[in-house]
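Participant: For reference, the chains in residue letters:
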Amino acid sequence: MTSTPSSHERRAALGDPVQAYRRMQEIRSFEDRITGLFAQGLVHGTTHTCQGQEALDVGLANALRLDDIVTCTYRGHGIALALGMSPEAVLGEIMGRTSGCIGGVGGSMHLSDLDVGLLPTFAIVGAGLPVAAGAALAFQNRGEDRVAVAVCGDGATNIGAFHEAINMAAVWKLPVVFVVDNNLYGEYSRINLTTPVTDLSRRADAYGIPGESVDGMDLDTVGEALSRHVAAARSGAGPSLLEVRTYRFAGHSRADQATYRPAGELDVWRQRDPLVLRRAALIDAGIASAAELDAVEQSVRAMITDVVEATSAVPEPDARAMFANIMPPLATSTGGVR
Amino acid sequence: MRMRQAVVAALADEMRADESVMLMGEDVAAAGGPFKTSEGLLDEFGGLRVRDTPISEMAFTGAAVGAACLGLRPVVEIMFMEFLGVALDMVVTEAAKFHYLSGGRITVPMVVRASVGSGGGFGLQHSQTLENWVTATPGLCVVVASDPQTAYGLNRAAIRHDGPVVVLEPRALYPVRGDVVTGDAGIVPIGRARVLRRGADVTVVALGQTVGVALAAVADAGVDAEVIDLATLVPWDRDTVRKSVRRTGRLVVVEEAPESGGWGHEIVSSVTSAVFSDLTAPPFRITSPDVPVPYSPALEARYLPTREYVARQLTSYLRSGTVPAPWWIEEGLAR
Numbered sequence: 001m002t003s004t005p006s007s008h009e010r011r012a013a014l015g016d017p018v019q020a021y022r023r024m025q026e027i028r029s030f031e032d033r034i035t036g037l038f039a040q041g042l043v044h045g046t047t048h049t050c051q052g053q054e055a056l057d058v059g060l061a062n063a064l065r066l067d068d069i070v071t072c073t074y075r076g077h078g079i080a081l082a083l084g085m086s087p088e089a090v091l092g093e094i095m096g097r098t099s100g101c102i103g104g105v106g107g108s109m110h111l112s113d114l115d116v117g118l119l120p121t122f123a124i125v126g127a128g129l130p131v132a133a134g135a136a137l138a139f140q141n142r143g144e145d146r147v148a149v150a151v152c153g154d155g156a157t158n159i160g161a162f163h164e165a166i167n168m169a170a171v172w173k174l175p176v177v178f179v180v181d182n183n184l185y186g187e188y189s190r191i192n193l194t195t196p197v198t199d200l201s202r203r204a205d206a207y208g209i210p211g212e213s214v215d216g217m218d219l220d221t222v223g224e225a226l227s228r229h230v231a232a233a234r235s236g237a238g239p240s241l242l243e244v245r246t247y248r249f250a251g252h253s254r255a256d257q258a259t260y261r262p263a264g265e266l267d268v269w270r271q272r273d274p275l276v277l278r279r280a281a282l283i284d285a286g287i288a289s290a291a292e293l294d295a296v297e298q299s300v301r302a303m304i305t306d307v308v309e310a311t312s313a314v315p316e317p318d319a320r321a322m323f324a325n326i327m328p329p330l331a332t333s334t335g336g337v338r
Numbered sequence: 001m002r003m004r005q006a007v008v009a010a011l012a013d014e015m016r017a018d019e020s021v022m023l024m025g026e027d028v029a030a031a032g033g034p035f036k037t038s039e040g041l042l043d044e045f046g047g048l049r050v051r052d053t054p055i056s057e058m059a060f061t062g063a064a065v066g067a068a069c070l071g072l073r074p075v076v077e078i079m080f081m082e083f084l085g086v087a088l089d090m091v092v093t094e095a096a097k098f099h100y101l102s103g104g105r106i107t108v109p110m111v112v113r114a115s116v117g118s119g120g121g122f123g124l125q126h127s128q129t130l131e132n133w134v135t136a137t138p139g140l141c142v143v144v145a146s147d148p149q150t151a152y153g154l155n156r157a158a159i160r161h162d163g164p165v166v167v168l169e170p171r172a173l174y175p176v177r178g179d180v181v182t183g184d185a186g187i188v189p190i191g192r193a194r195v196l197r198r199g200a201d202v203t204v205v206a207l208g209q210t211v212g213v214a215l216a217a218v219a220d221a222g223v224d225a226e227v228i229d230l231a232t233l234v235p236w237d238r239d240t241v242r243k244s245v246r247r248t249g250r251l252v253v254v255e256e257a258p259e260s261g262g263w264g265h266e267i268v269s270s271v272t273s274a275v276f277s278d279l280t281a282p283p284f285r286i287t288s289p290d291v292p293v294p295y296s297p298a299l300e301a302r303y304l305p306t307r308e309y310v311a312r313q314l315t316s317y318l319r320s321g322t323v324p325a326p327w328w329i330e331e332g333l334a335r
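Protein chains in written order, with this note's numbering: chain A, 1 to 338; chain B, 1 to 335.
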């Protein structure tokens, strides 16, 4: 095996189009493997996979600087990997092992690595929006040209935190981009059953900020849009709302077979699979040959297999881990008023 | 100075010492705070560090979490404790968890200040203490002011702590005057109870608004009681309370909260288990009844245990060695 690249190296690699494709394949293979690990009993609890949304993950990572900040949802494996976290750290956490990014006390819904700008991912719908606004507030107060991006799902557009955070960020012109990953389903319910205005970027009008909807299946389209919105926030233009239209190829969580979807809907979206589109684009542009991309896919699958094998051998945490990092120490000064 | 001025002084002292400290809340900037607990801060520190917010507790409390993760030390003001209900996620499920959820790499040095309690005629949706909303969350500290000194010193300690702290300020005490030691000598450390009166016959533990009530009741009753202001509810000072009860053999907790589910259960249970063999009478709690805080002044005055009632309960307890019935049972109003 070659030496393991650092998270920063993994992030920088995305500038190369073939490497960006490789990362999309890595996310897909990773998520497919997670589904299999459940069947083998090697992963317990719940998990939320993101097959079909890889263009958003990689496009987002490519639009950001390392010192920018992301808050995202419990469907966060893809964004974590795209931002640069290692498959070892992500899988270790999902399998509850000491090699996980926080040693296995968090699990699938709680990935984080501030070295690549990822705050702990949120298991509460909508909670990441106010927190991202707060990160942006810190940048604004210190005069830094950093940007925060909050990624939420279409379901989050109906919770109070969404409205409150965007309204407040607009009033204060905070450097934050609100990205709605509209995969058409909030948990098990289709968007038209829960949301009267399904063209979600129109919500921006309510806050007097720019809003835009883009195809989330094409890496170039989503990447270009994200770069533009991030640049605007960085330049002091204030927040904006970007709806990224994707599709969740899997169910909401591992227990969900998604039988509520209309017959044929998945097949239609599969024709616009972001990996298929990206592969064709690379070949059409003469950037890589079919054989080269086949080799990338095989190499990624072999790497994931290695990571699964290695992680399965990592020990589970001992009881000391559950008592660590509850809170920072209290001041031990004996002075003060009694 | 008045307690509300002590709060201003604490905020101003910390903001002068550390430019990462900031304040957010409804009407805290231009208006100087609905209870005048931030008067003058906008003028001195400017609009980035003293921010009037929309009426959006979820947004600004959540923004404090994000700002704290990125190096600021935000203080948010929750005008009435009840309003924290719409933002509780940000305190209990986000702020209190991020240190754990980052393997200790992220700290969340934020303070949530909320006015609490009865006595102002604000009605039942603006008069609760509700401290039990935040006491069962590891990672969160909870402190309660009982006078101008603790309002100053606990707020300063809270701002300096690297984790999230909830500071509860009994609203009825904002106009109360008292001497305040300012500067670092005036800091009241988190986690330490204050023994306000030494005594041999009974330990009386109080918090917030009941501290003054307990002190007055002990004086009225002429009993030799040790009065302890718990000051920090999480993590509360077990050592000081246990040591006192070992000596006195008796424990009474005076609470402004409904009898069921109140914080005093924690104190009584923990102390009873720890010092059982030293007890000479059963520990008990003097609380509010299990009712919403009523509006009529005649009724609201009976919600918080009064000094006369507490004195009567203490006298009866010390004379008989048994637990007296609460007034609502004596008067046949409830069971």
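In case anyone wonders, no lab produced these hints; they're calculated from the structure. Some clues are possibly wrong.
Which stretches of chain A does chain B cover? Using the computed rule of at least three CB atoms under 8 Å from a CB of chain B, they are [what the hints assert, rightly or not]:
#1 94-103
#2 165-171
Here are some chain A residues the structure puts well away from chain B; computed CB gaps all over 12 Å [claimed, not checked]:
#3 S112
#4 M303
#5 A310
Ranges between beta-carbon positions, derived for each pair [claimed, not checked]:
#6 A:A291 x B:D162: 48 to 56 Å
#7 B:P138 x A:D205: 37 to 45 Å
#8 A:I326 x B:D27: 53 to 61 Å
Idealized CB from N, CA, C, for every residue including glycine.
Participant: Are the hints correct? Go through all of them and say.
Facilitator: Results of checking the hints against the structure:
1. Check result for the segment 94-103 of chain A against chain B: holds, 3 residues qualifying (beta carbon to beta carbon below 8 Å, three or more required).
2. Closer than 8 Å: that is the beta-carbon criterion, and the segment 165-171 of chain A has 4 residues meeting it against chain B, so the requirement of 3 holds.
3. Taking the minimum C-beta to C-beta distance to chain B, about 5 Å, the non-interface status of A:S112 is violated against the 12 Å cut.
4. No beta-carbon of chain B is positioned within 12 Å of the beta-carbon of A:M303; the least distance is around 25 Å.
5. Listed as a non-interface residue, A:A310 keeps its Cβ farther than 12 Å from every Cβ of chain B; the least gap is roughly 20 Å.
6. Our hint of 48 to 56 Å for A:A291 and B:D162 holds, since their Cβ atoms are close to 55 Å apart.
7. Checked against the given bound of 37 to 45 Å, the beta carbons of B:P138 and A:D205, roughly 43 Å apart, stay inside it.
8. In this structure the hint that A:I326 and B:D27 lie 53 to 61 Å apart at CB is violated, the actual value being about 35 Å.
Of the numbered hints given earlier, the model fails hints 3, 8; all others are met.
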